[in-house]
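Letter by letter, the sequence shown follows residues 39 to 412 of the working numbering.
Simulated from the structure, these hints should not be mistaken for laboratory data.
Treat the hints with care, since some could be wrong.
To be verified - Beta-carbon label-pair distances, calculated as ranges:
hint	residue 1	residue 2	range
1	N73	R224	51 to 61 Å
2	M189	G96	15 to 25 Å
3	S89	N163	36 to 46 Å
4	Q393	S89	50 to 60 Å
C-beta: ideal position from N, C-alpha, C; glycine also.
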Amino acid sequence: MGAPHLPRFLPGGTAVRDLPHVFRELVTEAAAAGNVSSGHHNHNYVASATSGAATLLGCRAGTPVTVRVPREGALPVVIRTWFDEGQILDAIQRMPHVPRRLFAGEGFAVHSYVAGIPLSSVCGNDIRVDARLVGAVAGLLAGMVQVPEHMLPPLPDIWPRDHGDSRDFLRVLAWLADRQIRQPNRARFGTLFAALGIPEDALARLAERVPAMTRRPFSLLHADVHRDNLILSYNGEPPLICVDWELATYGDPLHDLATHLVRMRYPEQQWGEVVDAWAQAMTAVRPAAVEGLGQDLRHYVAFERAQSVYPDVMRAVQALSDPADEESLGAAKASVWRALASAEEPLRLGRVPDQGEIERILAAWMAARPFPGE
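Based on the sequences and whatever the hints tell you, model everything.
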């Protein structure tokens, strides 16, 4: 796939042409030069600040900056504690090498540029990660405990009052996954989930089954550390920089480790090395965060695999524009099967349809949609 085109509209219907002139220039320049990267939620345009932009941003002309524009029509497929990434970045500026928010506009933001390349560009999923980088990631995760709670944006009312109650925190995560992911997508994808054997109350039942766990002090969590969000710095110091803080949260540090293990797509035989590196780094700064690691990590891994079935299925079918295209259909049914197989045990699905059944379910669901382009 090539670089994404300059979007015509920002969230809320604001046309890109209505961006302040100095920022419209930056976005247009980045799009024309192909200096664009895209995640599931944002397009990121990298350009050099013009003299006009530099005045507004408080930087020198020619300084590279990143203009972040949310993707049009992005599905609600993530858990969000806070809805303003800029507030999160402002709160964690004491941490080294964190991107800075330079400007926030209506439907866009300008951040400082992080020089380097995504780890994913040189070490793809399922490939073993160098031990030095594993240690660097462990250090990043452990370093987040140094951000005091009072520096962070206010937590939602649903948050556990006891900021050490790991069981209650995991229950809140399950509730938020249902509220922010399953329910908003129910009208569009509910019949598909049902046909695939996912009960409507699967996440609610998961929350009820969360067992008693060891108490661990809550801390800042990134909650989305994977190969696309880890930048290999050009000069190697530090070796890795973490970006894309929009899904950050505050809770049990084991949740951060679990989401990292699953989303990083380590080879299975490397999990032990990663867990050991995390435990060593965390013990050095907050030993209480490691209590109960051997018993409780599995519950957070199970939750991550359970909630991931929703975004993974939706993204798979969203990429399937034509069920007659055998290649894209094959990729979609394989992705859906993997998501169901991973969620089978934590969601107690009973059985997972085979890929032949999934193919028929996808074809029937797509044929029944009132608007095929949806």
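Quick rundown of the hints versus the structure:
1. N73 <-> R224: 51 to 61 Å: With Cβ atoms ~38 Å apart, the hint is violated.
2. M189 <-> G96: 15 to 25 Å: Holds, since M189 and G96 (Cβ atoms, about 21 Å apart) stay within the stated range.
3. S89 <-> N163: 36 to 46 Å: Cβ of S89 to Cβ of N163: about 42 Å, so the range 36 to 46 Å holds.
4. Q393 <-> S89: 50 to 60 Å: Holds, at about 57 Å.
Hint 1 from the earlier list is the only one contradicted by this structure; the remaining hints agree with it.
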